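Here the protein sequences come in this chain order: A and B. By my numbering, the letter at position 59 of the first sequence is numbered 191, and the numbering carries on one by one without gaps. By my numbering, the letter at position 116 of the second sequence is numbered 125, and the numbering carries on one by one without gaps.
It cannot be assumed that every hint is accurate.
Claimed, not checked - One-sided and incomplete, this derived list gives chain A residues near chain B with beta-carbon spacing under 8 Å:
id : residue
1  : Phe141
2  : Val149
3  : Val151
4  : Val219
5  : Ile236
6  : Glu238
7  : Leu240
8  : Gly267
9  : Leu286
10 : Asp287
11 : Ser290
12 : Lys293
13 : Lys300
Unchecked claim - Calculated pairs, BS3-like style, for lysine-lysine (alpha carbon to alpha carbon, straight line, at most 30 Å):
id : chain 1 : residue 1 : chain 2 : residue 2
14 : A       : Lys293    : B       : Lys85
15 : B       : Lys164    : A       : Lys147
16 : B       : Lys164    : B       : Lys126
These are computed hints drawn from the structure, not numbers from a lab. As the structure is a computational prediction, the values presented were derived from the model and not from experiment. Beta carbons: idealized from backbone N, C-alpha and C, even for Gly.
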Amino acid sequence: MAVREILLFPDPLLKQVCVKIGPADEAAARLLTDLTDTLNASPGVGLAAPQIGLALRAIVVDLRRLPPRKGKEPPKNHGLIALLNPVVVRREGEITFREGCLSIPEFLADVKRSAFVRVEGVGRAGDPFALETEGFEAVALQHEIDHLDGVLFLDRVSNIKTDLFRRKATLPKSGRGG
Amino acid sequence: MKRYLLTAAGRDRPGLVAAVSKVLFDQGCNLEDSAMTRLLGEFAILLIFSGPAKPTALELALKSLGKKLGLAVNLKPLSIREGRPSPPAENGVLISIYGADRPGIVHRATDLIAKSKVNISDLSTHRTEAPGRPGYILYIEGEAPETLPPAALEKILQGGIAELGVTVQVKPLSASAL
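Okay, chain B solo, but in the shape it has when bound (with noise of 0.2 Å):
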């Protein structure tokens, strides 16, 4: 058995995920990891498996299967660390960034987190649509070095992105138990 990642999106409607399973089930993969959604008009897949060692028969269906739906498939064999599961999270942070939108925010935003050496997990950003004027909100969940606490990169973020006149917050994540 070997790790794959599937990448695959389209215009939205019903069934795309029922299609694109039904070629994984039908070539003996397993459904492992998945973040799957709607951005917009297009759906998007993202999927690891793990599946038959010899890809040639999975990426012919998958290409037959792209072609009838109009999905952009991409088909990624993983090694075996990169198949891997991260470690546990030692030090999760919760960042959000929100305001009126403009260009910039996510590239002066992560060019911080980056050089924070924080490593993101998620990522999800959402557009508002107030008459005349757009708002924009930024969520980053991530891994922090232990050398940094959530309110010295929260000092960070807004001393670096202040005059983009957004509103910035570290929390660090709730290990929530049930």
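With the rest of the complex left out, here is chain A (with noise of 0.2 Å):
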């Protein structure tokens, strides 16, 4: 169990294009584990090596970590979704979201995205991985997959009056981001 300092903007490790993991060993099980134990320890939803300091190619997402919403059903979800060489190997249609980043906490920004998305990785025990999923989850896996190239949500915005927002209220101590 080990909790790490989430990284902050303008950290040059967020910049950098991370390294593939090589055989899933004891070592890339120990990083998922700490991303893992990181996320649960925020307000986010999704969360990628170079935030916690390593240029490594693994990520975490979690979409149960959404608080309720009244009258609302939490988006379809898969769990714990903890990969190593994740690559999103097809992708469908068009969808814009409002995303949050751990690692940039006052800002907010309109996304456009892939709606529909395949991701194909391997998992903690080397097991090969591929999930097919849509909406919020589909877009949490590309925001984290972005991050293993040194790709912030700053690079996506594409209108300048209309795509960046200052969060109105400080992140809270569990809500949404990635």
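Both chains are given apart, each in its own frame, so use the hints to dock them into the complex.
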């Protein structure tokens, strides 16, 4: 169990292209555990290894962490997704989502992404892993995989008048973000 | 009828837009183009409207309003030519520049942008406050000459301000059709 410090923009590590993880060994499993522990201690729904200071291709996403909203079903999700070397191998459609980021806590941005993705990678035990999802979970996976290439949502803003927002309230102890 | 540009700024609080627009309404003016926003604790109004050919009464009313509310108000009559909308952008670009905050980012970037004959239409800057490491985010929209594709402008900017350690990206402005 290790909750790591989350790096904040403009930390240069957030702009690095991360390295592929070789065998899914004990160190890789520990990285996924640290990412999960850090995510669970944060107000976010997703986290990538560079955000805790390691330029390695590993992400976690868990939409069950969304705070319940009155009268609204939580978005469809696969629970905890912990992946090494994730890649989007198929994408379809387009969706605009207001995204936050644990590394840029003061801002939100409307970002256009694929509405559906098929993501492949390697699981904790070295097992090949594939997942097809849409909506919020697809957006979260694309946001985290972007981190592995040093891409922030700031890079995906396409209109300065309508896309970037200063958060009206500080990020709560548990809320949305990725 | 004649067009005017009004600028007004003062300590942010509820009612500023209502007070300014009441004066204009009472004087028979018609609001046309505007940008109004809060910058830190100040609220700033930039507003083009059409109004009476003789601005004497309007000027008086605005002056007394400024005094009452502590607003810095300025009224600039526009010539017919100045009041016309600019032709639609032929070669719109979105420039994003971000990194660790340091003096000179805006000046160095906009100097190169001006020398490249790019006309800025919108610009917004944001400072982020990670402890001990402030960040700076600059977005610029503008119109580039036909002969300067986004990739070429990106190269010029990257080369010219590389030592500032900022990330520079230039994208064509998407003409979003809804």
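How the hints compare with the structure:
| no. | hint | verdict |
| --- | --- | --- |
| 1 | Phe141 | 5 Å, holds |
| 2 | Val149 | 13 Å, violated |
| 3 | Val151 | 20 Å, violated |
| 4 | Val219 | 23 Å, violated |
| 5 | Ile236 | 7 Å, holds |
| 6 | Glu238 | 5 Å, holds |
| 7 | Leu240 | 12 Å, violated |
| 8 | Gly267 | 21 Å, violated |
| 9 | Leu286 | 6 Å, holds |
| 10 | Asp287 | 6 Å, holds |
| 11 | Ser290 | 5 Å, holds |
| 12 | Lys293 | 6 Å, holds |
| 13 | Lys300 | 11 Å, violated |
| 14 | A:Lys293 x B:Lys85 | 25 Å, holds |
| 15 | B:Lys164 x A:Lys147 | 18 Å, holds |
| 16 | B:Lys164 x B:Lys126 | 15 Å, holds |
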